[in-house]
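Per my numbering: the sequence shown = residues 1 to 136.
Think of the hints as simulated: they come from the structure by calculation, not from any bench.
Any given hint could be a false lead.
[As the list claims (entries may be wrong)] Cβ-Cβ distance ranges computed for the label pairs, FRET-style: (1) Ala45 with Asn107: 28 to 38 Å; (2) Ser123 with Gly57: 14 to 24 Å; (3) Thr76 with Thr130: 14 to 24 Å.
This structure is a prediction, so every number in the text was calculated from the model and none was measured.
By construction, the Cβ of each residue, glycine as well, lies at the ideal position given by its N, Cα and C atoms.
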Amino acid sequence: MDMRRWMSSVLLTAGLAIGVTACGSDASEPVSGDSSSIDVPASSALSGSWTGTWKTGGRSSEAHLGVVSDNPFLATVDVAGSCGATWKETSREGSTVTATSTVTYGNCPAGDWTITITDTSISATGGDVTAQFHRD
Numbered sequence: 001m002d003m004r005r006w007m008s009s010v011l012l013t014a015g016l017a018i019g020v021t022a023c024g025s026d027a028s029e030p031v032s033g034d035s036s037s038i039d040v041p042a043s044s045a046l047s048g049s050w051t052g053t054w055k056t057g058g059r060s061s062e063a064h065l066g067v068v069s070d071n072p073f074l075a076t077v078d079v080a081g082s083c084g085a086t087w088k089e090t091s092r093e094g095s096t097v098t099a100t101s102t103v104t105y106g107n108c109p110a111g112d113w114t115i116t117i118t119d120t121s122i123s124a125t126g127g128d129v130t131a132q133f134h135r136d
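My request is simple: use the sequences and hints to build the entire structure.
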């Protein structure tokens with residue numbers, strides 16, 4: 001490779017590195033967005049995938065819970081072939097959380113849910129539905 005091509009290659013690589021660095025963001029900086037954005041969680045000890053059962057009207061279905069954070073509690077629920085929702089904490093007393101459900105698809109119950117959290121299980125009741133989850 002001749003000297004000009006090598007120098008062009010070096011300059012291009014350096015320019016890309018500087019550009020990528022300049023475009024990156026510092027995780028400690030606040031995230032801006034609209035009023036529906038999610039606050040950065042204070043704790044994520046229970047974060048991850050949970051599997052369980054969703055019981056309503058005498059029927060039981062497989063359900064999956066994706067915990068984003070546990071304090072404040074924020075999670076998504078997906079009931080196989082039925083519905084999905086987001087649960088967002090509105091209050092807490094000990095290991096019992098009250099969360100508001102926002103339906104993302106199907107006919108999951110909206111409104112308030114009572115959620116009991118332990119290190120190994122998450123139980124929830126909303127309307128005529130009960131759900132029980134364990135870690136994957």
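So, going through the hints one by one against the coordinates:
{"no.": "1", "hint": "Ala45 with Asn107: 28 to 38 Å", "verdict": "holds, 32 Å"}
{"no.": "2", "hint": "Ser123 with Gly57: 14 to 24 Å", "verdict": "holds, 18 Å"}
{"no.": "3", "hint": "Thr76 with Thr130: 14 to 24 Å", "verdict": "holds, 18 Å"}
The structure fails none of the hints (numbered hints given earlier).
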